[in-house]
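> Single-letter residue listing:
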Amino acid sequence: MESRGVALAMQGYGLAAGEPANTEDAVRWLHLAQSGDVAAFEALLRIHEIRVARTALRLLANRQDAQDAAQDVFLRLHRNLRHIDSAGNLSGWLYRVTVNVCHDMLRRRKNVESLDDSRFSLESSTEADLEREQQRRMVVEAVGSLPEKERAALTLRDLEGLSTREVAGILGSSEATVRSQISAARVKIRKMLRCRL
Amino acid sequence: MSCQSFEPMIALYVEGDLPEQDVPRVEEHVATCADCRNLLEDFEASQAALKKLGAEAVDGALLTAVRAGVLAGIDNRRRLRWPWVAAATAALALLALFLAPSRRPAPEPRPVAIAPAPPQVEAAVGGAGPPVRSRRPRRRAVTARPPAPQQLVVKMLTDDPDIVIIWLVDQTGD
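Residue numbers (numbering that gives the first Met the number 0), protein chains in the order written: chain C, 0 to 196; chain B, 0 to 173.
Treat the hints as calculated values from the structure; they're not laboratory data.
Quick caveat, the model's predicted, so the values are computed rather than measured.
Among the hints, erroneous ones may be present.
SDA-like mimics (lysine to any residue), calculated; alpha carbons at most 20 Å apart, straight line [as the list claims (entries may be wrong)]:
#1 C/Lys190 - B/Ala48
#2 C/Lys148 - C/Met191
#3 B/Lys51 - C/Arg78
#4 B/Lys50 - C/Gly87
#5 B/Lys51 - B/Phe5
#6 C/Lys190 - B/Asn37
#7 B/Lys50 - C/Gly143
#8 C/Lys190 - B/Leu151
#9 C/Lys187 - C/Glu149
#10 B/Lys50 - C/Ile49
#11 B/Lys50 - C/Glu130
#12 B/Lys51 - C/Ser162
#13 C/Lys190 - B/Val152
#14 C/Lys190 - B/Asp21
#15 C/Lys190 - B/Phe5
#16 C/Lys190 - B/Tyr12
Residues from chain B that face chain C, not an exhaustive set, calculated with beta carbons under 8 Å [to be verified]:
#17 Glu6
#18 Leu11
#19 Asp16
#20 Phe42
#21 Ala47
#22 Leu49
#23 Leu52
#24 Gly53
#25 Leu62
#26 Val153
#27 Lys154
Cβ atoms here follow ideal geometry from the backbone N, Cα and C, with glycine treated the same way.
Please construct the entire structure, taking both the sequences and the accompanying hints into account.
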C-alpha cells in the first residue's frame with residue numbers, strides 16, 4: 000500500500016524510485032527534510048534506497064535481513080538528519096551506517112547460515128537460465144563466505160564501484176588496509192569460483 | 000620474486016587498484032610469465048562475474064517494502080512523541096502554578112492620622128490695664144480619635160479648661 004507520504008513525494012517532487020537527482024535538488028530536499036518535510040525525506044529515500052538495499056543484500060545475503068537493515072538505516076537517517084551538513088556527505092554517511100547495521104546483524108545471527116537471495120527463482124525455465132542462476136548463486140555464496148571486513152571492502156569497491164579512497168573513508172581504514180582487504184577477497188573469490196565453475 | 004607473490008598484486012592490478020610504482024613490475028612479469036597471464040585472465044573472469052552481480056537491479060518489491068516500513072516508522076515515532084510532548088507541557092504548567100508567588104492583593108496599610116500644626120489661640124483679653132501677654136495655648140495633649148472613615152477629628156485642650164478646640168477635617172473634600 001502506498002502511503003500518503005509516497006504519493007506526496009511522487010506528486011510534489013516528481014521523482015521515480017531510484018531516479019538520480021541533481022545536486023541542487025538533493026540539497027533542497029535535504030534542507031526541506033531537515034525542517035520536517037516528510038515528502039522531501041521520501042525524495043531523499045528514493046535517491047538512495049537502491050544503494051542501501053543492494054549493499055545490505057550483498058553483506059547479509061538474506062532478503063528479509065536486508066529489508067530490516069535498510070529500514071533501520073533510513074530511520075537512523077531520519078533521526079540524525081540535523082547532523083548531515085551537506086547532501087554530498089549523505090551517500091558516505093549512508094554506506095557507513097549500512098555497513099555498521101549489517102555487521103551488527105551478522106554478529107547477532109552468528110553461526111546461522113542464511114544465503115538465500117532475492118532473485119533466486121525456480122521459474123527459470125531454460126537450461127541456460129538455470130545455469131546462469133547457478134553461477135550467480137555461486138558468486139553470491141562466495142561473497143557471503145568472506146570474512147566481514149573483506150566482504151564490506153569488496154562489496155563497496157567491486158559491487159558498488161566506489162574508489163579505494165572512498166571505501167577507506169567509509170570503513171574508517173587506511174587505503175593500504177582497504178587494498179589489502181580487497182586483494183585478499185579477490186584471491187579467495189577467484190579460487191572459489193574456479194573450483195566450482 | 001616468485002609467481003605466488005605476484006598474485007595479490009595481480010588481484011589489485013586487474014581493477015587498477017595497484018599503486019602506480021608497482022604497475023611496471025607486474026606488467027613486465029605478466030609479459031614474460033604464462034602462468035601469471037593465466038592468473039590475470041582468471042581474475043578478469045571472476046571480476047566480470049562479480050560485476051554482473053553488482054549491476055543487477057534490486058527487486059522492486061524489496062524497495063517498496065523498505066519505503067513503506069520507513070514511512071510507517073516515522074509516522075509511529077511522531078504519534079508516540081505527541082502524547083509525551085503534551086504530558087510534559089501539562090507537567091510544566093502544573094509546576095509553574097505551584098512555584099509562582101501568590102497573586103492575592105496584599106492588605107492595605109492602616110490610615111495614619113496626621114496632626115496639622117496647631118492654630119494660634121488668642122487668650123481672652125480683659126478690659127483696661129496692661130496688656131496681658133498673650134499666652135500660647137499649651138498643648139497638653141493631643142488625641143486623635145480613631146477617625147470615621149471620612150472625617151478627621153482633632154480635639155485640642157488649652158490652659159483654660161473652658162476653652163476646647165475641636166477641629167473637624169472632612170477628608171472627602173466635600
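> Out of the numbered hints, which ones does the structure contradict?
Hint check: 3, 4, 5, 8, 13, 14, 21, 26, 27 fail, others pass.
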